[in-house]
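Let chain S serve as the given structure and place chain D on it in line with the hints.
There are 2 protein chains.
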Amino acid sequence: MLIKYRPIGIIKTTFTTIEGMPIQSKAAQGVKGTVEVKRRFVEGLKDLEGFSHIYLIFHLHKSKRFNLQVIPFLDTKPHGVFATRAPRRPNPVGISVVRLLNIRDNILEIENVDMLDGTPLLDIKPYTSKFDRFDTEKEGWLDEVPGKVNEIKSDTRFN
Amino acid sequence: MLIKYRPIGIIKTTFTTIEGMPIQSKAAQGVKGTVEVKRRFVEGLKDLEGFSHIYLIFHLHKSKRFNLQVIPFLDTKPHGVFATRAPRRPNPVGISVVRLLNIRDNILEIENVDMLDGTPLLDIKPYTSKFDRFDTEKEGWLDEVPGKVNEIKSDTRFN
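Chains as they are written, first to last, in my numbering: chain S, 821 to 979; chain D, 821 to 979.
Incorrect hints may appear among the rest.
A pair counts as met if it fits within one copy or between any two copies, since identical chains are not told apart.
[What the hints assert, rightly or not] Heads up, simulated DSSO-like pairs for lysine-lysine below, C-alpha to C-alpha not over 30 Å straight-line:
id, residue 1, residue 2
1, K882, K897
2, K884, K973
3, K884, K866
4, K973, K866
5, K958, K858
6, K832, K958
7, K846, K882
8, K858, K897
9, K866, K824
10, K973, K897
Source of the hints: derived by calculation from the structure; they are not laboratory data.
Okay, chain S solo, but in the shape it has when bound:
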């Protein structure tokens, strides 16, 4: 089964290389970017600006291969790729929750961006505390590593 998507827009950021990028939107506080939605989808943005936070779902377009075991940025030991957020995945889909600052026509100004410039956008969904906040009991290997998501930047390992 082959699933085919076409981008609904493009994400513009200041990150032109993977090296030095924040590794999660939580680690990208205040980093601004824009989303250019294709004009034919503008009507679909109605009422989105009422939300302070939105999901962006995107294609990790620089990810051309994958490994089933990876050493993530936050650890020194290998884990299964599905137990990590590493960008090289069998289907390189990325999700990030960003802050929505404003919308003018087809342009979204966003904050807390952790994507490469030129990232193809697949979907936008509203983030809501009603559906999207969960209380976890355990968080696997992430429970074992220090809380350093804000300090560590992306390097070249997934180039």
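Positioned in the frame of chain S, the structure of chain D alone reads:
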């Protein structure tokens, strides 16, 4: 630009029709299902079972068309599709956070499922309170509707 994905597995649930399904995993407390990951990806599941909650990213395979404005299950007024979680979207990608009960070989037992039986799975990511919980200031039209996500079930409007 055409983006091509192939399912890494399939989600098995008790929901064979859209009508009557929970509309979010938050509204599917205790509803069990399984994920069958293709055998060649099993190595990628290593260490996933340490997480109590995981993201499933999937293809909404029954969604063949889209509308840019929709009346979501939780409201009586139309909104832009990107301001809703309605299944008929330009790229019908779904995301749900489910509880992971256990993994045996290539089979994940999960709880809080809100997908149709046979849904093609694109990706699995760990859910972590470190990256994935956000404090919102406003939630648009969802602030205006009563908190009835647990009561309302899916109907046929998006068939």
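Practice item. Kindly indicate which numbered hints from before are broken by the structure, ordering the numbers from low to high. Key: The structure breaks none of the hints.
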